[in-house]
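Position chain B against the provided structure of chain A, taking the given hints into account.
Residue numbers (our numbering), protein chains in the order written: chain A, 1 to 65; chain B, 1 to 422.
No wet-lab data here; the hints were simulated from the structure.
Keep in mind that this is a model prediction, so the values were computed, not measured.
Glycine included, every Cβ here is placed at the ideal spot set by N, Cα and C.
Misleading hints may appear alongside valid ones.
Claimed, not checked - Ranges between beta-carbon positions, derived for each pair:
{"no.": "1", "chain 1": "A", "residue 1": "44", "chain 2": "B", "residue 2": "200", "range": "27 to 37 Å"}
{"no.": "2", "chain 1": "B", "residue 1": "200", "chain 2": "A", "residue 2": "42", "range": "47 to 57 Å"}
{"no.": "3", "chain 1": "A", "residue 1": "37", "chain 2": "B", "residue 2": "245", "range": "27 to 37 Å"}
{"no.": "4", "chain 1": "A", "residue 1": "29", "chain 2": "B", "residue 2": "352", "range": "15 to 25 Å"}
{"no.": "5", "chain 1": "A", "residue 1": "57", "chain 2": "B", "residue 2": "240", "range": "36 to 46 Å"}
{"no.": "6", "chain 1": "A", "residue 1": "23", "chain 2": "B", "residue 2": "396", "range": "21 to 31 Å"}
{"no.": "7", "chain 1": "B", "residue 1": "122", "chain 2": "A", "residue 2": "37", "range": "51 to 61 Å"}
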Amino acid sequence: MPVLKADFAACQGYANCVDAAPTVYDIDDDGVVVLLRERISEEERPHIEEAARSCPVSALTIEDE
Amino acid sequence: MSGGRTVVVVGSSIGGVRTAQALRSEGFDGRVVLVGEEAELPYDKPPLSKQFLSGQWDADRTVLLTPEAAEREGIELRIGVPATRLDVAAKEVHLADGTSLAYDSAVIATGASARPSPWRPESGVHVVRTMADSRALHEDLRREGPVVVVGGGFIGAEVAATASGLGREVTVVDPMPTPIGRVVGPEIGQYFTELHHRHGVATRFGVGVEGIEGSAGDLRVRLTDGTELAAATVVVGIGAVPNDGWLADSGLPIENGVMCDEYSRALDAPDVYAIGDVARWFHPGHREYLRVEHWTNAVEQGVCAAHNIAHPDDLRSYRPVEYVWSDQYDWKVQIVGRPTRGTRHELVGELTGVKPRAAVLYTDEDGHLLGVVTVNWPKALVQCRRMVTEQASFDEALGKVKELAAAAPPRRAASTDTGGGR
Numbered sequence: 001m002p003v004l005k006a007d008f009a010a011c012q013g014y015a016n017c018v019d020a021a022p023t024v025y026d027i028d029d030d031g032v033v034v035l036l037r038e039r040i041s042e043e044e045r046p047h048i049e050e051a052a053r054s055c056p057v058s059a060l061t062i063e064d065e
Numbered sequence: 001m002s003g004g005r006t007v008v009v010v011g012s013s014i015g016g017v018r019t020a021q022a023l024r025s026e027g028f029d030g031r032v033v034l035v036g037e038e039a040e041l042p043y044d045k046p047p048l049s050k051q052f053l054s055g056q057w058d059a060d061r062t063v064l065l066t067p068e069a070a071e072r073e074g075i076e077l078r079i080g081v082p083a084t085r086l087d088v089a090a091k092e093v094h095l096a097d098g099t100s101l102a103y104d105s106a107v108i109a110t111g112a113s114a115r116p117s118p119w120r121p122e123s124g125v126h127v128v129r130t131m132a133d134s135r136a137l138h139e140d141l142r143r144e145g146p147v148v149v150v151g152g153g154f155i156g157a158e159v160a161a162t163a164s165g166l167g168r169e170v171t172v173v174d175p176m177p178t179p180i181g182r183v184v185g186p187e188i189g190q191y192f193t194e195l196h197h198r199h200g201v202a203t204r205f206g207v208g209v210e211g212i213e214g215s216a217g218d219l220r221v222r223l224t225d226g227t228e229l230a231a232a233t234v235v236v237g238i239g240a241v242p243n244d245g246w247l248a249d250s251g252l253p254i255e256n257g258v259m260c261d262e263y264s265r266a267l268d269a270p271d272v273y274a275i276g277d278v279a280r281w282f283h284p285g286h287r288e289y290l291r292v293e294h295w296t297n298a299v300e301q302g303v304c305a306a307h308n309i310a311h312p313d314d315l316r317s318y319r320p321v322e323y324v325w326s327d328q329y330d331w332k333v334q335i336v337g338r339p340t341r342g343t344r345h346e347l348v349g350e351l352t353g354v355k356p357r358a359a360v361l362y363t364d365e366d367g368h369l370l371g372v373v374t375v376n377w378p379k380a381l382v383q384c385r386r387m388v389t390e391q392a393s394f395d396e397a398l399g400k401v402k403e404l405a406a407a408a409p410p411r412r413a414a415s416t417d418t419g420g421g422r
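Here chain A stands alone, though its shape is the one from the complex (with noise of 0.2 Å):
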């Protein structure tokens, strides 16, 4: 199943990922991005894919678990 990862220290909150999949991520008071959740389908999969890949900074993964 896959897992979403983030790396925190590395964020910005420039939150192109919020914008491209908001149901997932998020973003808190500081600018650092929020997981809604880890766990997600691999339906879901290509369109969060493309989320993650919108990070200006690389910070987020998806990894198969």
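Just chain B now, with coordinates in the frame of chain A:
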């Protein structure tokens, strides 16, 4: 689904790379070839005026696609060889090494180049667009002596911040009285001028450059008001021009960019797509042809084009809300929508002092939320980006941002951050 089809993506910067990857995410199982002019592995450009320029990051940190990742994703990398010609009738991309690539769909993602400096002294004048540019400027910035930056836009401001962070004495020159005013309006633009001053960077705005003489280490910049600035190094950041010259004999309609329909397909050539800085496409929401030079636009348009290539029976029009960021000194600036189309704006928060937090909302006579500029406030940016997308009213948006401000008061930083552009 994709049969034995081949997609050739020309241009290996952010737009081209993300298009190639998105083809796979969208389920395209044919051949994907990514062509790039530069011999470097595909790299990202925002750090070239900031962390890479300052020396804080090495080249590895800017890489967008390693050969291993390319292989894993089934992307054939053809880098170090420019495309020289597009034969639309034969459906072939010709390369500088004499070979050609047959395609079923082609994606033009050749980006833009720095507008060349009209002033050409012997040496010491730089532009910043490629890794080689940034490397060369970094070498010159290590040398003692003042730096003059011509152009007070985003690149100019970021380079000024980086050079100042490296200990150089910097002056930014621009013929506009408030250069960032082109994007945020003259009144808010004034705060950006003060931002330079607060970090010890001088500005000569409202004054043009007449000429530059001398050579690296000993340059003289003559201004239109008759004064002269001494400089060891000059950086010229006066915009970009689309890399569409190689398409001159392709028959594609080119007007300062490749003319495309709302699906990012070149007009009269539905097998050819153009995305990112080189594309001028019909935005169905704004009902006009636009060319946008923002990082996020290159990514989003690439994803949309990839979808359209992989799913020709489910074409999606490309109608983005504009979004751009810039990191200058202790400001993270984020801009969404079209602020300058507004006739009135309101500031929530402050734009003075150390690491301030603010949002500026722009509206027109009809009360629509047209655009928002935030400083050091990503949370507000996210909300506003959503509200611009949903075409919320200005009053509603203003209320929400004020609520947000009240719910989480700003945390002021304890000390001044003068770090190189970020």
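Going through the hints against the structure:
At roughly 49 Å, the beta-carbon separation of residue 44(A) and residue 200(B) lies outside the given 27 to 37 Å, and the hint is violated. Against the hinted window of 47 to 57 Å, the Cβ-Cβ separation of residue 200(B) and residue 42(A) comes to about 54 Å, which satisfies the hint. Checking the proposed 27 to 37 Å range against residue 37(A) and residue 245(B) shows it is violated: the Cβ atoms sit about 48 Å from each other. Checked against the hint of 15 to 25 Å, the pair residue 29(A) and residue 352(B) passes, with Cβ atoms roughly 21 Å apart.
A hinted range of 36 to 46 Å for the beta carbons of residue 57(A) and residue 240(B) is inconsistent with their spacing of about 22 Å. Checked against the given bound of 21 to 31 Å, the beta carbons of residue 23(A) and residue 396(B), roughly 23 Å apart, stay inside it. Here the CB-CB span from residue 122(B) to residue 37(A) is close to 60 Å, well matched to the stated 51 to 61 Å.
When held up to the earlier numbered hints, the structure conflicts with 1, 3, 5 and fits the remainder.
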